[in-house]
Structures are given as C-alpha cells and as structure tokens.
Amino acid sequence: MFNEVKSKSIGVLLVLLILVSACNNEKQAIKVDANKMHETMQHLTDVIVHDIFSPPVASRIYTYPSVGAYEILAAKDSTYKSLAGQLHGLTPIPPIPDNVNHEIAALQTMLLLGKTLIFSEDKMDEFINDWHAELDAQGWSGEEKDATLAYADEVKKHILDWADKDNYKQTRTFEKFTVKEDVSRWQPTPPAYIEAIEPHWSKIRTFVIDSAAQFTPELPTEFSTDKNSQFFKEVMQVYDVKQSLTPEQSEIASFWDCNPYVMNVHGHVMFATKKVTPGGHWIGIVKTACKQTDASLMKSASAYVLTSLALADGFISCWDEKYRSNLIRPETVINKYIDEEWTPLLQTPPFPEYTSGHSVISGAAGVALTSIFGESFHFVDSTEVKYGLTAREFDSFTAASDEAAISRLYGGIHYMPAIENGVTQGRSLGKFIVDHITLKEEE
Amino acid sequence: MKYLRLVFLFLIVGCAEEAEETKFLFSDVTGQSNIDFSNDLTFTEELNPYTYRNFYNGGGVAIGDINNDGLSDIYFAGNQVDNKLYLNEGSFKFKDITTSAGVACPEVWSTGVTFVDINADGYLDIYVCKSGDPNTPNRSNELFINNGDLTFTERSKEYGLDIKGLSVHAAFFDYDKDGDLDCYILTNSIKSVGNYDLIENQRDISDQQGGGNKFLINNNGHFEDYTTEAGIYNSSIGFGLGITLGDFNHDDWVDVFISNDFFERDYLYINDKKGGFKESLTDYFESISMGSMGADVADLDNDGRPELFVTEMLPDSLSRRKTKAIYENWDKYQLNVNNGYHNQFPRNILQKSITDSTYVELGRLSDIAATEWSWGALLFDMNNDGLRDIFIANGIYKDLLDRDYLTYQATNERIKEMIKSKEDVITNLVETMPSSAVANYAFMNEGNFKFKNVGDGWGFSEPTFSNGSAYGDLDNDGDLDLVLNNINSLSKIYRNNTDSGQYKNISILLKGNDNNSLAVGTKLKIYANGRTYFADNFVTRGFQSSVDNKVVVGLGQGIDNIDSLIIVWPDGEITKRKNIGVNQSIEISRGEDEAKYLVSTSNSKGVLLEKNQKAPTFKHSPNGMVDFNRNRLLPMMYSNETPKLLVGDVDNNGLNDVIIGGGKDQYGALFISYKEGFKTVEIENNPKGETTEGVLFDADGDGDLDLYHASGGRFYPSSSSVLMDKILLNDGKGNYSESPRALPFKSFVSTSTVVAFDYDNDGDNDLFIGERFDPFYYGVGGSAFLFANDGKGSFTDVTDSYAPMLKDIGMVTSAETADINTDGKMDLVIVGDWMPITFLTNTGSGFERNDFTANTEGWWNSIETADLNGDSKPDFVVGNHGLNSFFKPSDRMYVNDFDGNGSIEQIFCTQVNGKYYPILDKDELISQLPLLKKKLIYYENYASMGIEDLFDTKTLSETKIFEVKKLESILLLSTDNGYESINLPQQAQFAPVYALLIDDFDGDGILDLIAGGNQYNVKPQFGRFDASKGWYFKGENTDGFRFQDGVPLNIAGQIRDIKKIDLGEVKYLVISKYGEAVEYYEIHF
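Protein sequences appear in the order of chains S and B.
Under this note's numbering, the residues of the first sequence are numbered 7 to 449, in order.
Under this note's numbering, the residues of the second sequence are numbered 205 to 1289, in order.
Just chain S, with the same shape it has in the complex (with noise of 0.2 Å):
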C-alpha cells in the first residue's frame, strides 16, 4: 500500500515536470489523478465498514459524495452534462471561480460530504489531511488553495443542503418496525434477532426513478405450510441447496454475502465480523473496471455516479417490497416447520426477505456500469479479498450480477423468485436510469 502510494506520487511529479518545462513561466495546475478518487472511494469503504452502516444507508453515504464531485469536474468538462434537473431537487451548483483547481476541489467536495455522512470523522480527517500533505508537496498554496478549499466547502453545503431535505432524518423517529404475529410475516431471526433495519427506507426521497414503488415487483408466492404447495417447495429448494452444497457455490455464497454486521455467538463470548456491504461490493467493481480501463478522473466520476445512483434507488426501490409484502425469512420457516436446527450458510439479514436486496442493486448497477464500459467487459473483481476470499472472475457485469443474485439461493437466505423477480426489478429500475439521466452528450 505504501509503495504504491510512493510510486503514483513519482508518477504526478514526472507529469509536472514535463508540463513545466513545455510552459515557461505559466503556473501549471496540480492534476489529480483518478487513482486518488478510488483511494477516497476505497477509504469511505473502509469507514463504512467500521462504522457499521445497514445496506440502504451506506447506499445513501456514496451517492452524495459522488454526486459533488461529478457536478464539480463535469462544469468543467464540455463533454459531461450537469445532473442538476436530472436528480429530484438537485440545482445547479455555483459557478467555479477561475482560481479554483476544480479537480482538488472535486475531491475535497467528495471527502468533506463523506465525512459529514459518516461518523468516525477522525478517520476521514486523517486521510485528508495526508492528501493535502502531499498536495502542499507539490507547491499547492497561496490564493489557489485558498480558493479551492472555500469554494470545496460552498459545494458540500449545497449538496448537503439537498440531501437534508430526502426524509433521512425525518425517517429515523417513524414508527419501528412491528412484528407480527401472522405466520406468514417477517420476524427478527437468529443470532442477535436485530430489529427489522430501515423499515421506512421506501420514504426516501428517490434520485431519478419517479417513486419508490416504481418497480413493483410481482406478488411473492403464497405462504404455505401444504408440503405439496408452490411456497413449500420454494423452501425446501432452499433446504435442499444447502444439504448439496457444491464448494464453489458456498464460495459463491461467501463471497457475495456482503453482510456488514454478522455476530458471531459462542455462549457468553461474541464477537462481530463486519463486512462491505452489497453496494460497497459494486463500489469495488467500479473501481477494477476505472483501473482496468485507465479510466480519467472525469469518466471515473462519472462511473461512481451512475452506479451510486443506481444502487440508491435500488435500495429503495427494493426495501419499499420488502416491508410491502413482509415476507418470512427461510430460516424461520425452516426451524419452524422442517428442521429446527437447520441453520443457513450466510447469516440471515435482519430485514423482510422479498425481494433480495442484493439481486435488486446488483441488477442495477450491472446496468449502470455496462452502460459505461460496455456489455462483453472481463474482470476479477478482487474486492473481497480484504475480508478473506479469494478473487472471483467475470465476463461482464451482467454475469456478476447473476452471480450475486442466486449466491442468496447457495447462503440459505432468499427463496427463488426473490432472486428471479428482484434481478428483474433491478434491471429494469437500471434501465431507467440509464435512460433517464444524461451523463455525456451524444457520443
């Protein structure tokens, strides 16, 4: 990590040192290089998994970061179009000042609104402040940096000032999830039986598809206990993978859990794994394809933009079903019905189980990021090896997205038409988006 570190900043100065030469006397603005918007990318990552952010929410912290920085670099660039009209209550950001370095400011945008929307602030400011560190290496200073800075500032209050009014806090206070005593319904499941998470979350201000319930998906299937029923079937097909677990399917299973918050009981001992969660997983991705591509700080931004947005509204898009139909966890009705001690693979996330939240939002950003890089795109997608996994290889993103689809199907925690009809809604909810929002003029 250090090295590479060490070896980019070589790289910016040999950059430098040609620009200078090329151009006498004129200063020549400090280049950001895109690797520094993964790195950011990367650390809010980091901190999200520290802070143990639910699913939905982390979805919330990248998109708003993101957003600042795309508004910021795309003013700049004529080819990029402004998202202002094109995002719900998003207006145009102000007008650069000509000593602004829109680039630092793009990323400064981007760690300031991430820092406001996570909370362990120290981490953030750590990372910034070794930024800057290397930035003043490179004679960043006097009026320029000052300018930056105050304009960087002016720009995380305007997108802040719009992700106050998308119900966040308003939502935090409405009624707690109410557990049923329908046999059919959600309850809170093994180990920490946790609440129900974000039960309000369809209340969300969406980004760009019309309503929460846009993308409604068709009904589950009946709750049944009859053993020759649709339902029962679907839940015995859960039973049954387990019992037949192939080692790449329970790889698949792992490798795609993205459960931030497992705990781990052992009697009086405990102790929690924390994990990136599925939109952090897709963050990941963006990164591999910007690297792989050699992707620009512009193109990069705008790639962590479109998925953002793809997962956000897919969260909500997804968590406004899932307290819809409410449905049962197979774990619960498993222990109840068929196996008592039957525990799934991956452990079950404390929310209603239709559709799968991660068929959803990998659909989704599946759809987004093709958008960008194209439909045939290789890639080994190595971002769960931090948590211990090996990497995994992919032809497209289409392919990744099935494969976090059914790997809910391998962990024990979705039945069938969760994956099927939530990689539907998320594809078609990422089409949308695609069409609705213009990040390019016509190429």
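If you are wondering where the hints come from, they were derived from the structure by calculation, not from laboratory data.
Don't take each hint at face value.
Pairs of lysine-lysine residues, derived as DSBU-like cross-links and limited to a Cα-Cα distance of at most 30 Å, are as follows [claimed, not checked]:
1. B:K536 - S:K209
2. S:K239 - B:K536
3. B:K892 - S:K392
With the hints as your guide, set chain B onto chain S.
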C-alpha cells in the same frame, strides 16, 4: 476470651501493625495460612474462551472436617492446576496433604466439589465434578472415599457415580425420605447458543449424547439413573450453573432449584412426595434471571419461609452497564416469553416467599440486583446479628461482553490482520480483551429487605476474579469464616472477627441415622427471647461449592439463652431441646426425644377470597400496542392502564351494578346484579376506541345514573374522533343512549380521569376531566378541564375563567374531589406522571393552588379519599411507582425534538454525582438520534457523557425537563394545617399501584385498604414490575392512623381497578386487569 482479645487489640490501636487487621469484620489471613492454591489459567490456541465457553468459570471450594478432629478442612478444585486438600491444624494454619491423600485429580478440568459421607461411616468423602475437553484422561467425575486415616480411595465406578460429562456440581440429599442420600448432577450443555434459542419444547427432549442433567437414586449404596422417572429435564439446553436445595413450598420435602445460564429458563422442582418432582417454576416465580449463575436459598427475614437469591452478571455502575452489558430488545423478549422461556431479565433475582407457594421478586427494592459478573451468592449471617447477610463472589477474567471490544476489536478484519502478522490469532485476540478485576460484594441485612453494600467496610475491597466460595467456622469461635477460589491469584481465607461477646451464636453439629450420618436435610428452628431463627444443613450452596455441615446460627445482641431448639430430621421426626446456653457448640444425634413433626399450615390471618364461578365473564381486549415502536426511547409503556370499573345501581333495583370499560375494538359491559346472580349487557358505544375511565352520575337531573364515557389511550392520534368522550343517558332502567348534547371539547383529548362534582353549589353535577397526554408523544400535552352543567345535562367549558391553572397542568392520571378545608365547597386533588400531588382549593370564585405537598413529583397512578383518622376531614391514599425498580427519585426525562425532524424524543436520565446521564443503551439512543453517533462512536465515549455533553446549551434550554422526586405510594393524613405524608407499608412499594379501594373490610369500624397494580410492559434492561399480588392493609387508629403490613391476596396480573359491591349477605371484590377477564371474589373474613 474472644471479647477480651478484641478489647486488647483496640487498646493498642495506633501503635501496632495488628490494628490494621481488626479494622474490618473480615481479615484476609491467607498469608499466614500456608494455603497456596491458585487457579491459574493459561489460554492456548486450542483451549480458550472461544473454543470452550466456560473457560473462565473457575473452580469450587468445599469446607468440612475430614478427620473428625473438630477443625474444618478445605478442598479446592482447579481447572488446569491440580486440586488441593488442606488439613486445618488450628489457628488458621493449614497443611497441604493433597499428595498423601491422593485427591489431586491431575490433568483434568475440575469444576464443582461436594463433601458428603456417602457410605455413612462417619468420615467425609469428596465428590469432584469434571468438565473441559472430552478427550482428556480421567474425565469421569470422581468419588474419593475417606479411609479414615487422611488417605482416600477413588471408588466412583463402584458407586455408579463415574459420570462422564460436562458436570458442574453435585448435590446429595434424601429426596424420598427413605433414609439414604440420592444425587443430582448438574450439567452445562455443550450445545451452541444463539441459533436455537427460540425453539419451543426443547427442554422436553432428552440430550441424545447423554449430556443432560442427571438424577440418581441410591439403591443400597449403588446410584441408579432415575432422571426421567423423577421428572427431571435432561435436555441439551440445560446450561446449569447452580443446584440449590430447599423447601420452597413449606411442606417439609426437599425441592430443587436449578440455575440455567443463557436463554434457558431456570427450573424449580417441587417434590411430589411420591418419588418424583413437578417442575413448577412458572407457577412460583414471575421474573427470573437470564444468565443465572449460582444461587442460595435461606431465610432472610426469619419468618420461617426461605428466600431464593440468584446471581447474574449485571454491572453495578451506570457507566459499566453502558459498556459491558447487552440487553435484549422488546421483540426478542416477547418471542422468548411466547416460546416458553418465561420472563428472564439480566440482573440478580431475589425471590421472597409470601405464602406457601407464592414469591415476589425484590432484587431491585433491596438494591442487590447488580453485582457485576457474579458466580454465586452465599446467604449467611456474616456479623451474627441474627439476620443473614449476602456475600457475592464475582469477576470474569476477560470482559467477554465489552461492547467496544465486540463491535470494533474482535472483528474478522482484525483477525485477518492478525493472521497476516502473527501466528497465535486467538490468543492474541483474547489478549486484547479488556480485563478488569472487581471487588466481591457483601451486603448487610438491615431488616425488611433493606440491604447495605458493606463490601469495603467488611474487608472485601481487593479486586479479584473469584468463582467458588464457601463458609465454615474454621477457628471454632462461633462465627463463619470465608474461603474463595480465585482465578490467576491466590485463593483467599477470610477470618471473621465478629465479637461474640456482643453478637451471640450457637453452633450445632447434627448426627443422623444409619445411611445419612450427617442428617443432610435437617431443618432447625430456634426460639430465643421472642425472636425466631430458621436454618437447614444443606451443604451444596453458592457456586460449585460446599459449605461446612456444622450449622452456625447468629443470634444477635441481647440473646443470652435459647428458649427452645426444634430439630426436624429429614424423615420428619423431631427433637426438641430447651434452655440452651449461647456461644457454644453442641452436638445432637437423631434418636433423642422423637415426636412426629406436624407441618404447619398456612398463616391464618388475612382475607379469604373465594372466586365466584357464577360471576359475569368479560375478557378485556388488549390493544396490542407496542409503545416502543413509536417512542423508542421510553423505558416502559403507558398504553395499558385500563380497564376501570364503575359501581352504581343503574337499573334502580336496589343492588349495585358494575360497569367495565371496553378495550380497543370492544364494547364495554354492564353487569347487572340481581339477588340470584348477574346479567351482562353490552354498552354500545365507541367500538373502536379504548374506554379509559368513566363516571356514573346524574347528568340531566332525572334522578338516575347517567354515564360519562371517557376515551383515550395511546393508540389513536390526537386528531382522531375516536378519542371523543360522550355522555350516555340512562332511561331509568339501565338502558343507555347517547346524549344529544355534545361535550364542549375544542379538540380531541386522550382522557384519563373524570370527576363529577358540584363545584358551584348549584345543585347539579359538574365535571372535572383530566387529559393523560398527547397519544403519540409521551411528555407532550396534559391539561385538565372544568365543565359546568346547566342542570339539564348541557355542559360549558369554564376552565379559563374558573380554573385556568388546569391548562398544561401535566400528564394527569387520576383525581379526587373532597372538601379539604371544610368550607362547604368541593376542592380538587389531581395526580399524574411527573406531577406533584396538586391540591386545588375552591374559593367560590375560582380554584387556587395549595402547596400542601411540595416536592411530591411522582409517577402517581391512582388516588382515593376517605376520612381515615376520623377527624372529619378527608385523607388520601395515593398510588405511585413504588421502590422495586431501577428508577430513583431525582431521575429526569428530557423532552424535545432533539434532532429537529419534527418528532419528539424522550430521554430518561439518572443522576450520578450531580450529573445527569441517559439511562438508555447507546444503540437505542442512536437509532432514534443518529446525529449523536459522531460523538458516540465508542461505548466508552457514551459512558462518560452526560446529557449536557450530548446536546448544546441552546437545545437544552428549549428542552422540557421533568423530574421525579418521590416514588413511594403514600398515605396523606390531614393535620391542623395541611397534610402529613406517610409511606404506605413496604408491600405497597413492591410494585406500581394502579388500583386502590378503601373500605372497612373486617367490620371493626376502622377503614382498611386494598391495593393492586403491576406493570409488565417494560424494556428488559429495566425489567417488568410484577411484585404485587394484591395486598390487604388493615387500618388501625390507636395512636394516630396507620395501615398495618400487607397481607397478600394472591391475585396475580396487572390489576387496574378494584371495587366492592355488597349484594345482601354476600360481599364481592371486583377486580379488573389489563387484557384479562374480570374477576368476582366473595370476601370472607
């Protein structure tokens, strides 16, 4: 002798080192004792708290005289170290004879130890329980038979006691009165915890691996498995940590209490006297402890009935509770209860016996509910003042529940990091766990279930990790010394320095019959100078330990002679002795002065209630509301305060009828009384809303009883017309129809109380109406109204002109009218949550506040009035929250929209050293106020932050602050210039009082009181309030009016109203409970 020595030491205070030693009641004499046992534990990659969850459970201690030299010896059980046996050589000098005795149990994890004379040869044998890795050698429990020459021979196999399992402890007792000792072996199942906690009926399934608890009967010296036959659970969810023997139902047969750790509830096995047990815990106990550890049973108030004390793990201080304890949420708790795991709470539990089979839980009232990670309690008279005190051994070597550790340290991420850098991952992980030793606890019994924390003052201030503990009189000076088994430090021997000259004692050594040489299971009763003392000689007590079989009873001061001693032998025969000197040790053998013992029957004093089977049936429909879903930060609910009862002759047949309010989606009912019985009629009104109160009064001046029907509760918002109160007019025959004249409310009000009275002396009934709160926001709203009657049942709101102070008066719960100043004008007394008892005097031109009762802000639920002291002025009884809770006077509630999102939050705070701290769990607070998370990333941050550190001055200045100043239920007696406040007897403070009824029940011309209450809907970390069984308090008016101590009525449930009706010869007590059927009891005295 002893007395003289102490005096001598006193004289040399200041000039001698020894003075230090006698400063405390207990002196640590380990240093001089030659005892060097230390239960040293080293964790490895293979064996550590992650791989073996009972890694830090420690070992036991046994005390007993193994060589019959009159000096009690000590045996310690070690986990990774050898066990040790120390011979007492007198004067606190001991000699390690482990090797020559052959009782070391090397290389195996020993847990509990019990001294028992299994072959009845007069010599104590040793039974050692084993646990740990199942593959180690010598895994079966061992029985060391005493050869009588300081050597032992292991003979467990021969006796059938070579049990191989995860044994924790064993108890030997004669359960079937056949003269020999049977055996209970306690197991802590290896089954994983966390995934299967909520499966129903798991305890009925025997552990297939044979790992469950075992009950063995003695068949001529050979023990045979009788577990299932005896009705003992042996499932794989038996996480036993304590066996406690006692007579729980006072029938003279041994019962067994089993403490279970984790999600499984405890067991109480009541002896069926037919060779088996009936597990009856849920019939006997309301609240129990969650992670139950060791326990002890003994009489704490010398009433002849035993109390049970069970230890748990709740940290003592608020800051440690915030960082080192985990609480279940409400939904999980509900699932536990629904799946048969009973009401389990994370705290120590004290069950006080109030009748032969009824117990009430008083741990919070006694202030002994939180003593850190407590392995076991011993109930014994530490200072020989005649009342048993409580000693608690505690400490966990690693803070397994440290919240910051759980959330931020022991993560996979970190484990991965460790794997990269180092080899010993788990050892490193365990090393990073915080470790904090805490001092053991000693509580002095001050009588009346008041306990004083005297640990420091009695010499227990040294922080240790103590597991097993046992008492015995090691120096034969008539007081009980104490021995502790510690992890990673020397065990402790404490000498008891009680001055026997002042505090008298008697020691009794019992000799039993052929097969029970120590007469295990004998009960002793001592009568001296008007005092009574009870004891028994079970040795299995506390945690994994066994106390000395010689019974030492503290008699207290001023007792120079024992009038009589009654010994009830295990088979029921008795021995009586009279006139025994104190401060001596006596030996009594079975076979002297026998007589058959008669089991005493229930106490005769009190009220006899007989449930009337022909009474009306009406089940109140609960609203199913979970207040915490809406107001997450509240510690308890306020949506279950109904139904109320109204009494009056509505059909003019000369007999009083009863009206009960309907619950949500339910009509109320009228029970019309006839000589022959009752007839139930629906009161058709407001089918959706909840009827919270009502009053029967003549609204329209036609001489019959009309009905004011009040709607309220928390279910519907303040905008809902369902909350509209109504007047129903009587046609004179008890048929009700809605009055055409609406009440003059300007908005909908969640009504709590109504009083009909003639405030303006114009001959008609006017109305006082109290508002409970804004249904959606506890802490907001709370006004009262005064409505004037035009005589024909049409009402006008006169609040602004006549009683302007009623606006925003508070969250009213109840009110009474009475002529306080005897000026012929009716005054008002209003009570409510966080409200002072508010006296409003009627001047004729308006109401005026009166400050009779300053500083009475309470959580008042109920008020009743009558002239109790006979001075022709009204007195009051006022029901409050009581004292059996974690809430304290000076606790506060801060109410504001703290995060400015348009919704109101309520933050309950308690005062510690002058500063107010939220009492909530950090996660709860943050779920409602995410903006705080930035300040409160770590639990440690939260522990040190008061409300003023959390919010800025501006926010706090806009915050409504409520403070409670008094929690006792009280009696307000009129005096010449106001009111004297007297706390009701202690029983009334055991639980919140919602229902009061004053009447002369026993016909002695003096008014008595019946009170009831309870509140079950409380978050698990605070625990439900369930220690009211309905109480009868007899009034006496000899030297000023007082209520006598309460007599239990044995009516469980959340009592919400109590009324009495006389139907000729028969008097009925009518009782309403939230969500339950109405009950009619015939009253007999």
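- Task: Verify the proposed pairing of K892 (chain B) with K392 (chain S), using a straight-line Cα cut of 30 Å.
- Result: Violated, because 57 Å separates the two Cα atoms, which is more than 30 Å.
- Message: For K239 (chain S) and K536 (chain B), compute the direct alpha-carbon distance and say whether it is at most 30 Å.
- Response: 29 Å, holds
- Would you mind confirming whether the straight-line C-alpha gap from K536 (chain B) to K209 (chain S) stays at or under 30 Å? 26 Å, holds
Of the hints listed earlier, the one the structure fails to meet is number 3.
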